[in-house]
Amino acid sequence: MARRTFSIGGIHPADGKISRECAIKALPLPATVHIALSQHLGAPAKPLVAAGDKVKVGQPIAEPAGFVSAFIHSSVSGTVKGILPCQDLSGNRQNCIEIAVEGDEWLETIDRSDTLVTDIPEDAKGIVEKIRLGGVVGLGGATFPTHVKLSLPPGKKCEMLIINGCECEPYLTSDFRTLLEKGEQVVVGAALLKQALGADQATIAIEDNKPEAIDHIQRIVGQMRAKNPKYAGIEVLPLVKKYPAGGEKQLIDAVMRRQVRSGGLPIDVGAVVQNVCTALAVYDAVQKNKPLIDNSVTVTGECFPKQANLLVRVGTPLRAIVDYLGGIPEEAAKIISGGPMMGKAVANLDAPTLKGTGGLLFLTNKQTKRMPESHCIRCGKCADACPMGLEPFLLYRLAKAGNMEALEENAAQDCVQCGCCLYTCPAGIPLLDLIRQARSQVMGIIKARAAK
Amino acid sequence: MDKLIVSPSPHIHTKTTTRVLMRDVVIALLPAAIVSVVFYGWDALLVLGVSVVSCVLLEYLITRYLLKRPSTVGDLSAVVTGMLLALNLPTATPWWVVFIGALVAIGIAKMTFGGLGQNVFNPALVGRVFLLVSFPTYMTHWEIPKGLFGVDAVTGATPLGIIKEGLMQGSTIPDLMAQHGYTYSQMLLANLGGSAGEACAIAILAGFVYLLIRKVIKPWITLSILGTVAATSCIFWLADPARFTDPLFNLLTGGILLGSCFMATDYVTSPMNTKGGILFGVGIGFITMMIRYFGSYPDGISFAILIMNATVPLLNIWFHQKKYGRA
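Which chain is which? The protein sequence lines are Z and D, in order.
Quick note on the working numbering: the first sequence kicks off at 1446 and runs consecutively.
Quick note on the working numbering: the second sequence kicks off at 127 and runs consecutively.
These aren't lab readings, by the way, just hints derived from the structure by calculation.
Hints should not be assumed to be uniformly reliable.
Only some residues are given here: those of chain D computed to face chain Z with a beta carbon under 10 angstroms [unchecked claim]:
id : residue
1  : 131
2  : 305
3  : 309
4  : 442
5  : 450
All residues carry an ideal CB built from backbone N, CA and C; glycine is no exception.
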């Protein structure tokens, strides 16, 4: 298998993908959902419903408030109870639309059949508009509205669409299961995205710890290409299992051998990156009129008795997922929404899932406990691990000293918060904790300077 | 499960802690240590024992009672310093001289600067050089390998010392080599007198390979030292083989291997960056050869490493690794 990978840094944590054999199953509907108005990057959406309204599955309940924003649809049928602040998984209050679930009645315009629609419409603008109306956002983590990413700045051309199937975070398997179970839809989604962007090439990049997925997608792409010229230029590229291969900048480096300059966008080097699940959501929105109302969530952890990959409606309380699988295990000390490297620790299990929720991971104290901090032994392992070529040991010292000028000079703003430095430090120094703060301060300074 | 931990990502961490890294260095030093005991007998074990115990004990006492901080001996770095110091001493060194060496290494070179990670100079080498200039008689009183169960200790000079002495008396190198019957295989396997750890090149290289496999160190510093020693001595040797020793002789005698594999690669006192490390190694190799050829000491690797240790902060400022998306 090809030994392609990104060129700087990276680490090899144990991949822990113990839920890889669990097929995606639908979680039974909860009694109530709380659909957050802010579950994408950008402005929170404006509600379109009021208390007492009856809604159906797939009905828009909030519209974009600004260019970078997204539609939000009801994930259930029932009665709107109100629009009220609810605590998110960190405990911060976010406005949510509360809906009491009654039955499961879908909008008639949604095609719920399993028939695969492989025809790719000519009209790129039409595809983007359907994606916008479908409320599709990037499901790789950042939840950036997809239609905005597809609206290229004037003068820019997309040479390569990259479909990110790396799933480099340990434990997570929802992208893998999606590739295996919805491979055809993902490939059609890729072709739709390629058409929308006017790109000649598309690469579906998959880490080589998922050989079944690589074979499966390769076979589908081969079949599609033979039948329909719209599928020409789509390739599957196996990548070395190395974290963070699925980072946007690292992926572009690995696939195209190009690097996005500091502060730049992928499109500057002719690339657009979309996640596997986003491609599926694009298929649903364009071919099936089905907006983004559910997503697959990996529920896992060695201490969790029942691993699963569940199809969960947006707005389902995390507790409903946990209770369905038998509750929180005794040994669990930390619950993480997302993967162990970049996921967020859950402080509130009553928080609702968002469009971008991809995993729920249970770790024991032993697995997650940080060791006591000791002196830096100058081994340089953090600098070797940093996929951005930064020197975390130096940034940490500068951050402690509050030296903003030197932090900017040493590119603290380029940090992608992947966690490789903190993971790898033998002295248990909380490198990223401080660099993360320094990074946002430096970014603030750069923005303020640009505004002048 | 009563309470959930909430903390920033990442939520998992490597198992390769400082202690694990130091334990690997101890394991890597074992072949050289064992061979020294086999070759030089119980004296070598005594030096090793006194050195390690003194280093650990001194670090414990200093952290607990002088600095009034939690003890740091658990990180095993004092064990490494103790082993390195012992392997750099003649096996006939009296125990109290070894203790003074440990006191200087841990007390002055390491703890005065703030402990592990803060010291500018390699502690074991500071200890060794302190003893070399303070107790020259003991420090050049080499035992010739007599084996673990050998009867009488024989003392004599090291090959480097003999060559230096001989050249001063007007002999030529080919004559001296023939006179003492030095062969390269002897140098590689079972040695000709010197510090405990210099007894067997193969044992040192085995430890070095272990460190590489375990990814504790990278090979660049070591290779650049060895390369520079070979290149420098090659030039001089080709110019005048009667006055200058050949490259292979220089690589296999004295402390070059022990120094380049274990002392110059010390994390704390070597550059963090590969390019900086290569320049650091070139400096060490060149200074060592200048001392060997033109200095008054037979070997110069200890001095060379300490001199280059002083340049590390500068090398760390000069050299940075290539950043993503920046020219």
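Taking the hints in turn, this is what the structure says about them:
no., hint, result
1, 131, "holds (4 angstroms)"
2, 305, "violated (46 angstroms)"
3, 309, "violated (39 angstroms)"
4, 442, "holds (8 angstroms)"
5, 450, "holds (4 angstroms)"
The structure fails hints 2 and 3 (numbered hints given earlier, in ascending order).
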